[in-house]
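Chains A and B are the protein sequences, given in the same order.
For the first sequence, position 328 matches number 328 in our numbering, and the numbering has no gaps at all.
For the second sequence, position 236 matches number 236 in our numbering, and the numbering has no gaps at all.
Copies of the same chain look alike in the list, so a pair counts if it works inside one copy or between any two.
Straight-line distance between alpha carbons at most 20 Å, and here's what the computed EDC-like set of lysine to aspartate or glutamate pairs gives:
| hint | residue 1 | residue 2 |
| --- | --- | --- |
| 1 | K58 | D292 |
| 2 | K10 | D126 |
| 3 | K10 | E206 |
| 4 | K10 | D209 |
| 5 | K297 | D48 |
| 6 | K229 | D94 |
| 7 | K21 | D123 |
| 8 | K173 | D13 |
| 9 | K307 | D48 |
| 10 | K10 | D123 |
| 11 | K10 | E103 |
These aren't lab readings, by the way, just hints derived from the structure by calculation.
Number of protein chains: 2
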Amino acid sequence: MSSAHIIFDKTGDKVAHRVIKMRTSAVRDLFAAASRSDIISLSGGMPDVSLLPPSAIKKAMRAAAEDDRAVALQYGSTDGRVETKQVFCDLMRDIGVRCKPAEVMITSGAQEALDLIAKAFIDPGDIILAEGPTYLGALQAFSAYEPDVRCIPFDHEGMRMDLLEAELEKIGKGKAKFLYTIPNFQNPGGVTMSPARRKRLLELAEAYDFFVVEDDPYGRLRYDGGHVKPLRALNDQVVYLGTVSKVFAPGLRTGWVVAPKSFLAKLNLVKQGTDLCGSAFNQVVVQHYFTDTPWQKTLQKFVDTYKTRRDAMLAALEKYFPPEATWTHPEGGFFVWVTLPDYVDTGSMLSVALDKGVTYTPGDGFFPNASAGQNCMRLAFCFESPENLDEAIRRLAAVIEDQLELYRAFIEAGAIKATSPEAAQR
Amino acid sequence: MSSAHIIFDKTGDKVAHRVIKMRTSAVRDLFAAASRSDIISLSGGMPDVSLLPPSAIKKAMRAAAEDDRAVALQYGSTDGRVETKQVFCDLMRDIGVRCKPAEVMITSGAQEALDLIAKAFIDPGDIILAEGPTYLGALQAFSAYEPDVRCIPFDHEGMRMDLLEAELEKIGKGKAKFLYTIPNFQNPGGVTMSPARRKRLLELAEAYDFFVVEDDPYGRLRYDGGHVKPLRALNDQVVYLGTVSKVFAPGLRTGWVVAPKSFLAKLNLVKQGTDLCGSAFNQVVVQHYFTDTPWQKTLQKFVDTYKTRRDAMLAALEKYFPPEATWTHPEGGFFVWVTLPDYVDTGSMLSVALDKGVTYTPGDGFFPNASAGQNCMRLAFCFESPENLDEAIRRLAAVIEDQLELYRAFIEAGAIKATSPEAAQR
Numbered sequence: 001m002s003s004a005h006i007i008f009d010k011t012g013d014k015v016a017h018r019v020i021k022m023r024t025s026a027v028r029d030l031f032a033a034a035s036r037s038d039i040i041s042l043s044g045g046m047p048d049v050s051l052l053p054p055s056a057i058k059k060a061m062r063a064a065a066e067d068d069r070a071v072a073l074q075y076g077s078t079d080g081r082v083e084t085k086q087v088f089c090d091l092m093r094d095i096g097v098r099c100k101p102a103e104v105m106i107t108s109g110a111q112e113a114l115d116l117i118a119k120a121f122i123d124p125g126d127i128i129l130a131e132g133p134t135y136l137g138a139l140q141a142f143s144a145y146e147p148d149v150r151c152i153p154f155d156h157e158g159m160r161m162d163l164l165e166a167e168l169e170k171i172g173k174g175k176a177k178f179l180y181t182i183p184n185f186q187n188p189g190g191v192t193m194s195p196a197r198r199k200r201l202l203e204l205a206e207a208y209d210f211f212v213v214e215d216d217p218y219g220r221l222r223y224d225g226g227h228v229k230p231l232r233a234l235n236d237q238v239v240y241l242g243t244v245s246k247v248f249a250p251g252l253r254t255g256w257v258v259a260p261k262s263f264l265a266k267l268n269l270v271k272q273g274t275d276l277c278g279s280a281f282n283q284v285v286v287q288h289y290f291t292d293t294p295w296q297k298t299l300q301k302f303v304d305t306y307k308t309r310r311d312a313m314l315a316a317l318e319k320y321f322p323p324e325a326t327w328t329h330p331e332g333g334f335f336v337w338v339t340l341p342d343y344v345d346t347g348s349m350l351s352v353a354l355d356k357g358v359t360y361t362p363g364d365g366f367f368p369n370a371s372a373g374q375n376c377m378r379l380a381f382c383f384e385s386p387e388n389l390d391e392a393i394r395r396l397a398a399v400i401e402d403q404l405e406l407y408r409a410f411i412e413a414g415a416i417k418a419t420s421p422e423a424a425q426r
Numbered sequence: 001m002s003s004a005h006i007i008f009d010k011t012g013d014k015v016a017h018r019v020i021k022m023r024t025s026a027v028r029d030l031f032a033a034a035s036r037s038d039i040i041s042l043s044g045g046m047p048d049v050s051l052l053p054p055s056a057i058k059k060a061m062r063a064a065a066e067d068d069r070a071v072a073l074q075y076g077s078t079d080g081r082v083e084t085k086q087v088f089c090d091l092m093r094d095i096g097v098r099c100k101p102a103e104v105m106i107t108s109g110a111q112e113a114l115d116l117i118a119k120a121f122i123d124p125g126d127i128i129l130a131e132g133p134t135y136l137g138a139l140q141a142f143s144a145y146e147p148d149v150r151c152i153p154f155d156h157e158g159m160r161m162d163l164l165e166a167e168l169e170k171i172g173k174g175k176a177k178f179l180y181t182i183p184n185f186q187n188p189g190g191v192t193m194s195p196a197r198r199k200r201l202l203e204l205a206e207a208y209d210f211f212v213v214e215d216d217p218y219g220r221l222r223y224d225g226g227h228v229k230p231l232r233a234l235n236d237q238v239v240y241l242g243t244v245s246k247v248f249a250p251g252l253r254t255g256w257v258v259a260p261k262s263f264l265a266k267l268n269l270v271k272q273g274t275d276l277c278g279s280a281f282n283q284v285v286v287q288h289y290f291t292d293t294p295w296q297k298t299l300q301k302f303v304d305t306y307k308t309r310r311d312a313m314l315a316a317l318e319k320y321f322p323p324e325a326t327w328t329h330p331e332g333g334f335f336v337w338v339t340l341p342d343y344v345d346t347g348s349m350l351s352v353a354l355d356k357g358v359t360y361t362p363g364d365g366f367f368p369n370a371s372a373g374q375n376c377m378r379l380a381f382c383f384e385s386p387e388n389l390d391e392a393i394r395r396l397a398a399v400i401e402d403q404l405e406l407y408r409a410f411i412e413a414g415a416i417k418a419t420s421p422e423a424a425q426r
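Kindly generate the complete structure, drawing on both the sequences and the hints.
Shown next, in the form of structure tokens:
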């Protein structure tokens with residue numbers, strides 16, 4: 001019992017069943033590696049906060065230190081400050097959604113919203129629908145509650161509604177709890193759901209009785225094409241998730257949910273036990289950023305910068321990548337999804353890439369239980385300069401070329417069978 | 001499907017099993033009522049942040065807006081910033097605990113730590129031990145994972161070890177997952193666990209194979225008596241929870257866990273899905289508050305102020321409360337626990353008290369499934385002035401007196417049986 005003894009943790013056998021299948025995030029593990037200064041990182045989806053004007057940060061923080069200090073430092077209500085909710089209602093109006101503060105709950109980033117929805121609605125074995133591949137943080141949030149996640153493939157118009165309908169037909173009406181989608185510049189796919197598919201998705205939700213969770217972190221980062229109306233603008237039963245992480249700063253951990261009041265009441269109940277309430281301090285800073293600073297001008301700077309980087313990455317892929325590779329062409333957001341022949345394993349290739357000074361995110365992390373995507377990778381263009389992106393893609397192409405060369409010899413010898421990238425993407 | 005129709009939430013039947021038994025917090029419901037200006041609130045455990053010097057707040061925030069801006073605004077690691085962890089190691093050293101940053105994880109208040117521990121370790125039906133009554137936020141955090149919480153009564157020396165041992169004897173070795181305790185100035189009890197009982201608790205943990213979670217939000221707010229060594233100082237397998245909410249500001253939502261590294265690895269795994277990472281911004285502010293400002297002087301101001309308020313409340317209880325009532329005499333913290341004869345229902349009495357301009361927290365919320373405590377109440381002395389505390393207790397005594405008068409008549413007539421407050425506390 002004495003602290004003089006070295007005693008190791010003896011709680012290994014006490015871990016809950018839900019934890020046994022959890023996987024640590026490859027992205028997060030890579031953040032550590034990516035801190036080596038010679039490595040160019042295409043792995044993390046980190047916004048470039050150096051674009052934020054220091055004067056705007058100071059101005060937004062002044063309120064928290066002065067006028068609103070008493071509120072900012074104290075406990076707040078579980079659902080968040082009404083003044084900050086009003087700011088989010090104004091942001092929603094810009095993108096075609098009308099809502100009131102009573103239909104808004106503030107969360108610790110959209111990630112907490114994913115956890116609260118899963119906690120309030122998923123029983124073990126419940127069927128959840130999502131794009132496949134999809135955001136790995138959503139898979140992590142859901143997995144704690146042990147659902148059966150069914151992945152629906154996408155193409156350049158977003159989730160394939162014919163495949164969704166076939167899956168629903170198999171599952172039956174009322175058997176899926178909800179569908180999770182990132183309709184704009186999907187993570188990791190980069191694709192955007194077309195207006196026609198959005199309409200169809202909502203028809204299927206009605207017909208097969210499931211609710212839709214629309215995650216929209218990148219919606220305001222569009223570089224080409226016109227705005228597509230959010231699902232929530234078409235149907236007020238849709239649960240919409242927003243965040244300031246990509247249009248302001250992730251360090252504030254502030255997101256929001258727009259949903260029917262009775263839905264929010266359930267999230268409120270589970271949030272009380274999860275973290276009591278969010279940071280009033282951060283909510284005050286966010287409120288003042290969106291009311292006292294020229295944030296639209298700053299957002300335009302983000303858009304211009306990321307557009308240049310996306311263009312640089314797409315040009316470099318065209319220039320360096322082998323003909324066996326295909327990739328998506330995002331109109332916004334942070335990511336390009338690359339598909340290689342299915343005999344390439346992007347997981348084991350990562351250590352070689354790291355050695356050559358470039359990182360990416362292997363594709364299998366974006367599928368439940370790494371059930372697919374072994375030949376795919378996510379490339380983030382948001383954080384590096386155009387010059388670095390060109391150099392990173394050049395390095396990565398060389399790594400891939402080495403892998404392919406070996407396999408081409410095997411294929412020529414008839415030892416393995418060639419597959420098309422399209423087939424591999426399924 | 002059109003948004004022109006008013007459609008109500010249709011997800012009521014989709015809620016997860018774990019939510020069905022959850023109760024909303026009476027304390028949180030009361031926060032709303034307590035905002036009426038004529039009401040004196042004895043319900044919420046809110047620190048008096050008006051005691052914080054504005055210059056210290058500004059100084060702590062300056063770093064987040066200037067030198068450390070890039071880090072403060074960006075995503076951070078799931079376990080928290082090492083610089084802020086070091087600050088917490090220094091705070092731990094002050095109270096007799098040696099630990100390294102690698103043994104620390106930063107959480108969104110200690111509340112998130114409770115959720116993460118429950119998420120990582122509780123399977124439905126698992127036995128958890130705790131003081132009864134105990135912190136209702138802990139009961140809420142645990143209840144999402146559907147444990148069987150066994151409550152052990154306390155007296156003026158804290159949790160009754162004879163009763164704990166009897167319970168363990170009944171349960172058997174290796175059958176309880178963990179024991180949750182607030183050894184210093186317990187919430188809601190106000191009692192402190194004696195050194196002898198702390199030693200005995202750790203012996204029982206070893207003998208019956210469960211781990212101990214030590215929640216210590218109030219440890220540095222001691223008004224009388226000498227410092228008692230934390231459980232973590234006696235055994236490095238103890239999981240210690242700290243928070244800045246009571247010594248700095250709850251609006252920053254910053255707490256920490258000290259535990260063996262392999263234990264923290266499990267919390268890290270579940271935290272990735274829960275909220276990805278905490279607010280780097282808040283961690284920078286907290287770090288600089290505890291390094292760049294005279295926080296010890298500010299802490300002394302908190303201690304002096306709360307001591308005066310505790311004294312005022314205890315004096316008022318002595319002056320106004322009826323002989324049938326008993327209450328605890330806390331040496332620190334925020335709360336006094338009052339026990340009334342068991343025919344008094346503090347839940348139904350609350351509306352009468354509100355009407356007379358005073359609030360408190362009914363006792364049953366501090367027991368799992370409101371299984372006891374109906375004749376008890378928690379009184380918080382932390383937030384009101386000594387004058388207001390005297391007036392609040394005067395008002396509350398009148399409400400209680402009205403209830404007792406009625407029952408005394410019944411007892412005299414032999415219609416109901418009198419019970420001692422001691423028996424009622426069980």
